[in-house]
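Engineer: Chain residues, written in single-letter form:
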Amino acid sequence: MSWWAVLALCGCAYGLKAVGLALADRVPQGGGLGGSLELVVVPVIAALIVVQTVGGDREVVVDARLPAVLVAAVLVWRRAPILVIVLAAGATAALLRHS
Amino acid sequence: MRSSRIIRDAASIGVATGIYAVSFGVLSVAAGFSVAQTCVMSLVAFTGASQFTFVSVIGAGGGVAAALPPALLLAGRNAIYALSLREVLAGGRRRQAVAAHLVIDESTAMAHAQPAAPDKRRAFLATGLAILACWNAGTLAGALAGGALTDPRSLGLDAIFPAVFLALLVPQLGGRRAAGAALLGAATALVLVPIAPAGVPVMASVLACVPFLRRRTP
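Protein sequences appear in the order of chains A and B. Take 1 as the starting number for the first sequence in the working numbering and just add one per residue. Take 100 as the starting number for the second sequence in the working numbering and just add one per residue.
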């Protein structure tokens, strides 16, 4: 495989991160969007959860991931540590797939 | 106390991504990339979902022109993350250039899940560095091992990441604006998943924050 392919991916991936940071410097401080930059990421993370839980190849797929995330939701509500949530979600999905 | 919790959480997430990285290493070598090329991708591109898509398309016989756009659609959300991390990444130009490299789903979510500013910075760095180390170690292991390794799905690994992001999102949902933006973002993604290419549902959901932005004070 050509190194150009690798370098193209690397350059573009870093470039996107750097562009976001450069844009952030242009958003005026205080008022307007400036005070709400943290809110911008909230719907994005929420969408990421949906896509990773029920997302398929151009379709909504309900499989072992959904019950695993529901188990995690109960643990989040009970304020369990991340490690417990990681193990519980992984174990739930793994057990459902092997049963 | 708080600092040790951040490091423990960062390490947990790092190990999970490290195991996932093994399958990236295997997939990348199977797609025709050398071990060195595979490792450079994980070290420099350092954005998991895009890397998987990129080597999958090429492995399926597509060229770079076919593989790059879907990979960049997935990497696009990192630009939104960097934008949201302005306060966390504040510093000199060189510092910012290095910190930008660590901007990914997990480091961003961990940073925003902390209420205090110094903890945000600590969580961002701890998570970014833990994943950088584990992601590259896992990639190397997978690239060298190759062949038939366990499917990460059979270990339930694909369910771990949404669970972690849920744990990191909930602490940010204190106010009505944040809760509203999260619900609208989730709904946007659910509607777009069947009709839009991968990457678009997550990126487009950023628009869900618009109705909830604070009005500019006169």
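I should point out that these hints are in silico values taken from the structure, not numbers from a laboratory. Errors might be hidden in some of the hints.
With the C-beta cut set under 8 Å, the calculated list includes, among others, these residues of chain A facing chain B [as the list claims (entries may be wrong)]:
1. LEU9
2. ALA13
3. LEU23
4. GLN52
5. VAL60
6. VAL62
7. ALA72
8. VAL74
9. VAL76
10. ARG78
11. ILE85
12. ALA89
13. ALA91
14. ALA94
15. SER99
Computed Cβ-Cβ distance ranges for the label pairs, DEER-style [stated by the list, open to error]:
16. B:GLY190 / A:SER99: 44 to 52 Å
17. A:PRO81 / B:GLU186: 23 to 31 Å
18. B:PRO214 / A:SER2: 43 to 51 Å
19. B:SER103 / A:LEU7: 25 to 33 Å
20. A:ARG58 / B:ARG101: 25 to 33 Å
21. B:VAL309 / A:SER2: 36 to 44 Å
22. A:LEU7 / B:ALA286: 32 to 40 Å
23. B:ARG313 / A:LEU95: 39 to 47 Å
24. B:PRO168 / A:LEU95: 33 to 41 Å
25. B:VAL269 / A:ARG58: 27 to 35 Å
26. A:LEU7 / B:GLY245: 35 to 43 Å
27. A:VAL61 / B:ARG101: 31 to 39 Å
28. A:TRP3 / B:LEU228: 23 to 31 Å
Just so we're clear, the structure is a prediction, and the values are computed from it rather than from any experiment. Backbone N, C-alpha and C define an ideal beta-carbon position, used for all residues, glycine too.
Engineer: Hint by hint, say whether it matches the structure.
Structural biologist: These are the hints, each one checked on the structure:
Taking 8 Å as the C-beta contact cut-off toward chain B, the hint placing LEU9 (chain A) at the interface holds, the least distance being around 5 Å. With its C-beta approaching chain B no nearer than about 4 Å, ALA13 (chain A) sits inside the 8 Å limit, and its interface hint holds. For LEU23 (chain A), the shortest C-beta to C-beta distance to chain B is roughly 5 Å, which falls under 8 Å, so the interface hint holds. Annotation: interface hint on GLN52 (chain A) holds; nearest CB of chain B at approximately 4 Å, less than 8 Å.
Hint on VAL60 (chain A) holds. Least Cβ distance to chain B is approximately 6 Å, under the 8 Å limit. Below 8 Å, beta-carbon pairs count as interface contacts, and VAL62 (chain A) has none with chain B, the closest being about 12 Å; its hint is therefore violated. Among the interface hints, the one on ALA72 (chain A) holds; its C-beta lies about 3 Å from the nearest C-beta in chain B, closer than the 8 Å criterion. Below 8 Å, beta-carbon pairs count as interface contacts, and VAL74 (chain A) has none with chain B, the closest being about 11 Å; its hint is therefore violated.
Among the interface hints, the one on VAL76 (chain A) holds; its C-beta lies about 5 Å from the nearest C-beta in chain B, closer than the 8 Å criterion. Restraint check, ARG78 (chain A) versus chain B: the minimum CB separation of about 11 Å is more than 8 Å; hint violated. With its C-beta approaching chain B no nearer than about 5 Å, ILE85 (chain A) sits inside the 8 Å limit, and its interface hint holds. Because the smallest distance between the Cβ of ALA89 (chain A) and any Cβ of chain B comes to about 3 Å, under 8 Å, the interface hint for this residue holds.
Because the beta carbon of ALA91 (chain A) sits about 6 Å from the nearest beta carbon in chain B, less than 8 Å, this interface hint is met. With a cut of 8 Å, the hint placing ALA94 (chain A) at the interface with chain B holds, because the nearest CB-to-CB distance is about 4 Å. Evaluation of the SER99 (chain A) hint against chain B yields a violated restraint, the C-beta minimum of about 12 Å exceeding 8 Å. One distance hint, 44 to 52 Å for the beta-carbon pair GLY190 (chain B) and SER99 (chain A), holds here, with the actual separation near 50 Å.
Between PRO81 (chain A) and GLU186 (chain B) the CB atoms are about 26 Å apart, so this pair conforms to the stated range of 23 to 31 Å. Remark: the range hint 43 to 51 Å for PRO214 (chain B) to SER2 (chain A) is upheld by a beta-carbon distance near 47 Å. Between SER103 (chain B) and LEU7 (chain A) the C-beta distance comes to about 40 Å, which lies outside the given range of 25 to 33 Å. A C-beta distance of roughly 42 Å is found between ARG58 (chain A) and ARG101 (chain B), which places it outside the suggested range of 25 to 33 Å.
Look at VAL309 (chain B) against SER2 (chain A): about 41 Å separates their beta carbons, and that is inside 36 to 44 Å. Checked against the given bound of 32 to 40 Å, the beta carbons of LEU7 (chain A) and ALA286 (chain B), roughly 39 Å apart, stay inside it. As the Cβ distance of ARG313 (chain B) to LEU95 (chain A) is approximately 45 Å, the hint placing it in 39 to 47 Å holds. Between PRO168 (chain B) and LEU95 (chain A) the beta carbon distance is about 38 Å. The supplied range of 33 to 41 Å therefore holds.
Against the hinted window of 27 to 35 Å, the Cβ-Cβ separation of VAL269 (chain B) and ARG58 (chain A) comes to about 29 Å, which satisfies the hint. For LEU7 (chain A) and GLY245 (chain B), the Cβ-Cβ distance of about 23 Å falls outside the hinted range of 35 to 43 Å, so the restraint is violated. At about 38 Å, the beta-carbon gap between VAL61 (chain A) and ARG101 (chain B) stays in the expected band of 31 to 39 Å. A C-beta distance of roughly 27 Å is found between TRP3 (chain A) and LEU228 (chain B), which places it inside the suggested range of 23 to 31 Å.
In summary, the structure is inconsistent with hints 6, 8, 10, 15, 19, 20 and 26 from the numbered list given earlier, while agreeing with the others.
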